[in-house]
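Trainee: What follows is the residue order along each chain.
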Amino acid sequence: MSTQPLNNLPRHIDFDSKSMRLNHSRRTFTNYAVTALAILATVIVLLPLAVILFYLVYKGASSLNLAFFTHVPAPVGEEGGGMANSIVGSAIILTLASIMGIPIGIAAGVYLAEFGQGTFFANAIRFTADVLNGVPSIVMGISVFALLVQGRHFSAFAGGVALAIMMIPTVTRTTEEMLATVPHAIREATLGLGVPKWRTVLSVSLRTASPGIITGCMLAFARVAGETAPLLFTALGNQFWSVKLNEPIAALPLQIYVYATGPYDEWHRLAWAGALVLIGLIMVSVTLVRIFANRGVLKGGS
Amino acid sequence: MLVCACSIFVIVLFIFIILILRSQLSLHAFGWKFFTRQAWDPVSGDFGALPFIYGTLMTSFLALLIAVPLAMGVAIFLTELCPQPLRAPISFLTELLAAIPSVVYGLWAVFVLVPLMRDVLGPFLVKTLGWTGFFDGANFGVGLLTASIILAIMVLPIISSLTRDIMTAVPNSQREAVLALGATRWEMIRIGVLRNSRIGIVGAVMLGLGRALGETMAVAMVIGNHPEINKSLFAPGYTLASVIANEFSEATSDIYLSALIEIGLALFLVTIVVNAIARLMVWAVTRGAPGRAS
Chain A
1 MSTQPLNNLP RHIDFDSKSM RLNHSRRTFT NYAVTALAIL ATVIVLLPLA VILFYLVYKG
61 ASSLNLAFFT HVPAPVGEEG GGMANSIVGS AIILTLASIM GIPIGIAAGV YLAEFGQGTF
121 FANAIRFTAD VLNGVPSIVM GISVFALLVQ GRHFSAFAGG VALAIMMIPT VTRTTEEMLA
181 TVPHAIREAT LGLGVPKWRT VLSVSLRTAS PGIITGCMLA FARVAGETAP LLFTALGNQF
241 WSVKLNEPIA ALPLQIYVYA TGPYDEWHRL AWAGALVLIG LIMVSVTLVR IFANRGVLKG
301 GS
Chain B
1 MLVCACSIFV IVLFIFIILI LRSQLSLHAF GWKFFTRQAW DPVSGDFGAL PFIYGTLMTS
61 FLALLIAVPL AMGVAIFLTE LCPQPLRAPI SFLTELLAAI PSVVYGLWAV FVLVPLMRDV
121 LGPFLVKTLG WTGFFDGANF GVGLLTASII LAIMVLPIIS SLTRDIMTAV PNSQREAVLA
181 LGATRWEMIR IGVLRNSRIG IVGAVMLGLG RALGETMAVA MVIGNHPEIN KSLFAPGYTL
241 ASVIANEFSE ATSDIYLSAL IEIGLALFLV TIVVNAIARL MVWAVTRGAP GRAS
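Each protein sequence line maps, in turn, to chains A and B. Residue numbering for the first sequence follows the working numbering, beginning at 1 and increasing consecutively. Residue numbering for the second sequence follows the working numbering, beginning at 1 and increasing consecutively.
Chain B extracted, bound-state conformation (with noise of 0.2 Å):
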């Protein structure tokens, strides 16, 4: 038993461990710039990883932009509002969200989503919201919004039933004090509930940006894959899990495959990160009700 506990540190750092040694040469070649340098050229063995940095924060903050006040309505609406025949269909019904695989997203993505995008929601866009240049260029239907939107419905899942479990868990007690002062219902959620959950809340947003930083396939799939910072929101992008799924298996070069496990490692290090404190964050709050694994 102990030793199959003990796997899970073994597992941790095994990748960590691995992930090092195998990107050993692009580590010694660009040092700590290899994060602040935009160059990508495979053909001269020039690497940096700033565009895909770029990529990956644009597109997982807007995926939190669109995703968090839907989640937090969705939590407010089971815990608070929803009759109770019809919270259990609700949740389960959110949660097939959560089952449905990335790749089968990214599908969908490609046939649906973007043609929208290219014909009817880029082109409202740039007539509404035109003067702000985050619209410029030509719209092909693939790029960072895009990609955005299909990772607000990939994290949502994850946030509102983790708001869920951490709104449920505020006594009764709390509310009906609330109430009792002659609070509307609104006011209760607002000062009983949401007052007592924030931190919770607060972590649960970052577990769903955790998932946003390594999501792969659905994001390679419509992002357009060409690493390049642009301000317009329609422009091709790339990110750090993207990159290594579509040119992993061309890494012809030992410093190409060192550049992209140090992306990786990268990644690794930085989900590791976010994972933690989240974790620490909703513990602190759903201490003492029964857990859940997400």
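Excised from the complex, chain A in its bound form (with noise of 0.2 Å):
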């Protein structure tokens, strides 16, 4: 880590200022009120995801049963149904989205941590990746709609290169980061004793770094588990029981947005328990990689 320079400290001082003329008590008090709106706005951030998990657990809990996550969708009007189109149809996308995008994204990543340093080449990709992590999802469900729908018809396939597409740009800035943490002295031994690059880079630096790139994959996951606007047009949901690729299929983000839009009591009802179960999972996965990470496991990241 780079320290700045003081140098630039005495021009941001100005001694005579009349902040510092002013009487001790007034800059005691500022001092405390400062301290005070930001323990309050702590306190003021906190306090919607209370609320949201409150809700979650209170209007979902109630609805969480077995024909849950047996059932499919009941046709309107008719009580009980449940979400396991969603269900399985959200693993389908995403089992797709992530053998499409991890292994481009690590050794995207890799490319930068190993082999293209501090070239112009791979800060523009560097660059770009952070830039791209940033567009909307829509934009990436009507670039795929235009690609792979229009004129066909939509498809679980669709949904999962979507989703791909947005894990990419995060698989390959945290599979860099944690490369970056690798001591280079571990990798000039192997290549000292002769071993390629190539092979350095995989059985050394990878396996070395492998927590960190598997928690930054799972990061990514969590992430596109619940997208629901590039799937819009591209796997379009389906109120039926559909595991076939090319053919629409049911979402578990798309389900709850139908659902919670819908004008049903019995509708929001399950959109409710559908949040939660989404929810739940992404928790668990958010929450297992906190701790794997703080376990000390990956040092530098997250």
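Keep in mind the hints are simulated off the structure, nothing from the lab. The structure presented is a predicted model; accordingly, all values stated were derived computationally and were not measured.
Interface residues of chain A toward chain B, partial, derived using beta-carbon atoms under 10 Å: (1) GLY116; (2) VAL139; (3) PHE233; (4) HIS268; (5) ALA271.
Here are the simulated distance ranges between beta carbons: (6) A:PHE240 with B:PHE16: 30 to 38 Å; (7) B:PHE92 with A:ALA189: 31 to 39 Å; (8) A:LEU64 with B:LEU181: 57 to 65 Å; (9) B:THR36 with A:PHE121: 33 to 41 Å; (10) B:LEU86 with A:HIS24: 27 to 35 Å.
Glycine is no exception: its CB is placed at the ideal position from the N, C-alpha and C atoms.
Grab the two chains, each in its own frame, and use the hints to assemble them into the complex.
Mentor: In structure tokens:
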């Protein structure tokens, strides 16, 4: 870590400035006021989290039963039904996305950290990945729609592609950062023994950084698991049972959206239950990752 | 490796090219005026994006207005004031807010925030700030203000965690130097920390802006979905992202679809520019410190 020189300090502090000449009690008061405001802000920020989690459990838990996990949605007007097809559909789409997104992301990260360090090209890729990370997910949705769906039909595969595109930049950046924490001495030791570079990367750098890389992949996975917008025009959603890759498929976030914006109380009930299941899956994976990360398995990251 | 690394360029180029190709129809029909026209009439094929641009800018601006002071407060608390054992749990909790999917925020907003807005918050605002003219008209609970509040909650964790990283990157010697001159803790934060990190903080706020501009599902569920420009914050509105989400699957004519894709293109270009500038600003400040993927 570079320490910044202190030579820009005197410019910032004007010893004759008004604030410095104010009397002591006024300055102490401001100090306490700001401290109080910062604590208040933290409380206000944690409040929505508590309220949202409370409502999810309060409204969702009562609707969770076996039928929720084993039945497909009931026809309009009928009681009961579940989201079995959405859960399976989400699993299929996410598996597809992971198969496509994670290897490409890791490979790109390996290039950035091991082969292209410091080159203009690598910096450009890193920058593009960061920018791509901020592109709204709905833009991915319409692009994949235009490429794979328009003129053909909605499919689970198109949904997987849209989510894979969203995973790539996240996986790339975390892989790169995790590889950057591997000490150079380890690489040099292997290289010194005459091991070729590709072998060093594969069995030394990647193996050392693997817990961190797995963490990054799980975070990327959790991030896209709740995505709805890109699936609207690719996977489309489906009220019936379908596991085919070239047909419209149900997904948990899509079903929550349909149920939440629909007019029936029965639908609202199922929407809350679906949201509870979705958030449960995401929270469990994120929490596991954090505990894993805090155990000291990886340093420098998250 | 190189091929995969290039795929990131390819993805960006592919999105750009395909959006331009598929919006040709609308680009030719309306030209640049597309972004300054108010018309949105799918039946007669007359399209303009101004109401959506207004809705997007207004909700994002209000969201930042609410979120930035709170995020700054959290970041200051976490880096400078918080007792060490509480630091990790609190930052973990604020980051959990970022892990909640948009559609779950939307669900919560529809059933909890909207009634609250209609029955409690709305009447209160009319009584106290009604004279400003921003709270005229019927208040159904859905509208620009409700969407802005939910957006604020969603961009908060992004801004606060980035700001925290930036403030952590300020070397301790800076703080010690200011304290040694007799500054109070707040003066130390203001002079020693905030001044050194202001470029990065602006960058963090812009990254939050980028997120707010493109947020889709939660906004689509509570903004009211009506393409009009109205001074009142209770009035229903529409944003660039939510109009695509709502109308894409109903777009029957080619020109309708093309107009929606052109809106997507505009959204893509704007978020790319905002994010690129923001990244450069954050990089300029945190360079040297261990980076983070956000």
